[in-house]
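**Q** Take a look at the letters that make up each chain.
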Amino acid sequence: MDRPLKVRLERRFADQLTGPVRQRHDETEIRIGPGDVIQVITALHDEPEFRFEFLADLAGVDTGEIMQVVYHLWSTTTTDWLRVIADGLSRDDPRVPSVTFMWKGAEWMEREAYDMFGITFEGNRDLRRIYLPPDYQSFPLRKDFFLPDDAARSPGGGVRPMERTHTPRNAPPTATVRRAGA
Amino acid sequence: MTATTPRPGTRGHDHAGSFAGTPDDPRVQLDRDLGVFEPIPPYPPRTERESEFYTLRDGEMFLNMGPQHPSTHGVLRVVLKLDGEKVVDLDPVLGYLHRGVEKLCENADYHQAICYLDPLEYVSSLFCEWPGVMAFEKLLDVQVPRRAEYIRVLSGELNRVASHALFLGWMALDLGGLTPILWSFIERDEIVDMLASLTGQRMLFNYFRIGGVNGDLNHEFMSRLGDWMSKATEQIEAGNTLLNENEIFVRRMRGLGTIDSKTALRMAMSGPNLRATGVPFDVRRAHPYSIYPELDFDIPTRAEGDCLARYLLRMDEIKQSLRIIDQCLHQMPDGPVIAKLPRLLRPRPGRAYAGIEGPRGQYAAYVVSDGTDQPFRMRIHDPSFIHLQAVGVMMPGHLVADTMAVMASLDPIMGGVDK
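Sequence order for the protein chains is A and B. The numbers in this note's numbering rise by one with no breaks, and the one at position 134 of the first sequence is 134. To convert a position in the second sequence, counted from 1, into this note's numbering, add 182.
It is worth saying that the hints were derived from the structure and are not from the lab. Check the hints yourself; a few may be wrong.
[What the hints assert, rightly or not] Each computed DSS-like pair below joins lysine-lysine, with the alpha-carbon atoms no more than 27 Å apart: (1) B:K268 - B:K444; (2) A:K104 - B:K268; (3) B:K285 - A:K143; (4) B:K413 - B:K501; (5) B:K444 - A:K104.
All values derive from a computational prediction rather than experimental measurement.
Chain B extracted, bound-state conformation (with noise of 0.2 Å):
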């Protein structure tokens, strides 16, 4: 026997010959599977824009990246239009982490519906559930107790500096370094602890109620919040100096991904993406809430709009949130922490809706009510869904790899985007 011939019982050229073509063939089973994420759908165009999309002109091709493709923070689906290694145009592909929350609280009751709010962005929880519980309190006139706003805001501000703790590391990821991810998992792990104590979960953390929150400060959050305030700023400026004084990392940044005010303003953009193109909208001065006109902190901008200034204004914002904690320990006043409320709801027929700012831009909810128990309709407005709709209009041109950077940037959340 010659070292050609394939031994009996071996997969041999003659053996997968005994049925290729059949539908036992592996190989034709495992086109068939993968068929699934073709990039081309197999049905003809629906609108004007895809069948312009789908069509390749010369020297152009698909390539599909996702859903699981580990950079794109989710479950998303985005298929590329390719010259050589540039993107011409790009189609993002939604909705396979989408669970229909909006139906969801149309049937659960005002109190229920609070819960379905919280996975909507996992690294921000606390925002996902402000706007919806200040929308009901509007609908119900209630007066929220000044101690619970403050606990609000405290609660608020600590998710944002983990959440922004964890772009930064996340970004850093996409782009290759493996370094700052694990740094800005310590700040992210002593404060999702710490607010575990206050509010009994680590990621979910449904802690604000209609009328105020669900418990008071207690001895645990205090002292470790003591205790992480007094290393904060210094640990997080060393995290700092990883990147902003990388060279890779700011030559890459620079100049990635540049979108105008006007631009982002017609993209209905918000938040720190906003703020970086130099429009200096903040809905927590913007458009006031809570205590935020009480407390004292700047808004910081950005003129150039790339994905280096995107990432340095986050880092800003994290110095003014610490500010803003500070501020709130310091005035925090005593009294009742919820407003009494009945236990069933029933609003009166109207309309309510609130905005606030959180650390991807404008949550917003719109909750209309129809009398009953249960929100007739309640519309979840969510920062990341419009944000990565700006990813096409910033990545044409920009090389295959910058799309993970640019989308990274732009920090969206795929719980968020397909609700």
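Just chain A, same shape as in the assembly (with noise of 0.2 Å):
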């Protein structure tokens, strides 16, 4: 653990940190609204006290309430892995900006994120399907897609379960989707 990273985060990103910045293992985490991505990113990557050059991954989570974009960091400055969760987006029309600006090769990985969990990333250019074939039209990591075992389960039952986009709000009372606290 990374004691005076924490400050550092801490006294650079009052204005946007949306909960405490936690650390466990080798491991400092902050949280931010979607829309400070940009400004957050920028300034981790650019200013000498951070300096976060290597995008070690970028990831969707869908917390069953709502979904997020985890991004992790890692940097000369610090002994720590640097978590950065993009939070509170929206279920029904989750939208971000994407990163490609300061790191091409995130292109694939927010393609895969939106393959998978049909998050926007505003600005990445080539936002398509990348595993599952074009006419696709459901998001599989989402946490109300069931595999086939489950299908009679799952919100969406009996029409094409797997083919079916689906909101925990319109999911009818016997559906079980499994949530997370955020």
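Reconstruct the complex from the two isolated chains, following the hints.
**A** Take a look at the structure:
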């Protein structure tokens, strides 16, 4: 755990942070709103006290209530992985700015998150499905998408369960949707 | 009957003409089947980039490579946009090998999830298991016994040598040389058999467990390893001279598929492909894990960033791996090989990220726990996926035949790309 990094992050991003800076093992975690992504990522990449130049990972997460986009960054200035969570994306229309302006290599990772979660990355020039066929309708890593074994429990049970999009709001009360608190 | 008149019952123009244009016409049928792999997609473009790519300028054409092309190391389809023999742009089409590993892991418990990670990159299975297992251990706050860590590093480095040996062979094969792959399979087979005596499997080892490894070192493994180590350096050197001193190979690879360090970082590349551009980023040193801080080894780098540099860098890495294996054997402590854990694991709600250095770059896993016995979210980061994307940056301006060379030098494994 890199305590000084926590202090630096709290001082620099006091206005953007939407939760406490958490640290565990060799990871430091900050949460920001989706609107602040460009500002925070640019600051983390460019400013000499951070210099997070290596994008280790970009992932989408569906908590069952909201969507998140999680960036993992690495820098020579700290011994920790930095996890930036863009929090609180609505499940009906998740939108977040793209980071392809900084790391062009994020393009496919964002395509993957779009393919699996339906998250729209604004500014990504090539946001189309990457693994699944182009006429595929639903987003398989969402928590209301069930595997064929569980189709009977799925909110869209009965009507081509693999090929429908759902929102938990419209799900019938009998449907079980796994949820984690954010 | 003259020679020009078709005999009854054979296929003359008369016979074929009888159902030309009807659905029974074999030629029409053939056209329809081939239509599946037509380069231009049968739907309107979905993005700016797609419409730009699928619009031809004067003198340009499309060429479809794959998905059964022998040089693409798996089932990958690449649509090339050509101007004469020069590649203008390319659009890889993925998903032919997609299995949905992340979803499968989220529907399995923590022990079961490990075996879904193996087939991701089937030539370096141990490195696919490692980040997943490490992330689970972080969630559970498990201390891994030191002997288990040493065995992990030992078997992992062996796997790295096997993977790099196969890379050498494949790369030469893609350039048209058949001998190196036969030579490199000698090394790989020996290592794989050795690991089979340790883990029980030749390819998908499924050896790492949460809190340690599946079994202790055994006599057969140790004696085979001893035999191999005594001649490994020599044999690998011999294999290297086959290519390093081959003028055709060197002249073709030099200056091909060049990428500079800034672009490589912008493409989020890692591993040997990033180090070949001069960035000394190796997760083993940059973000130490396991027992790597205690071991003595170098991080080779090269400045050129071309195919030859990527090839030579991997050969240097094999030497460093042999050094690490040697140290592991000398420093191997006694003790248990797995921590005591309950059979049903329910980590506290939380998040964990683990990244390791594999033969292709940074393998990582991000796991979210919700307090049940199944991972709530399991994200797998695979370097092959990232590096395949960089082909689009390297290729424009090169010849069609060099596509395979550049792709082989990045060493992507389609099992990892498609997850």
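**Q** None of the hints should be skipped; say for each whether it holds.
**A** Hint by hint, here is what the structure shows:
1. B:K268 - B:K444: 25 Å, holds
2. A:K104 - B:K268: 24 Å, holds
3. B:K285 - A:K143: With a Cα-Cα distance of about 10 Å, the restraint between B:K285 and A:K143 holds, given a limit of 27 Å.
4. B:K413 - B:K501: 13 Å, holds
5. B:K444 - A:K104: 11 Å, holds
Hint violations for this structure: none, all hints satisfied.
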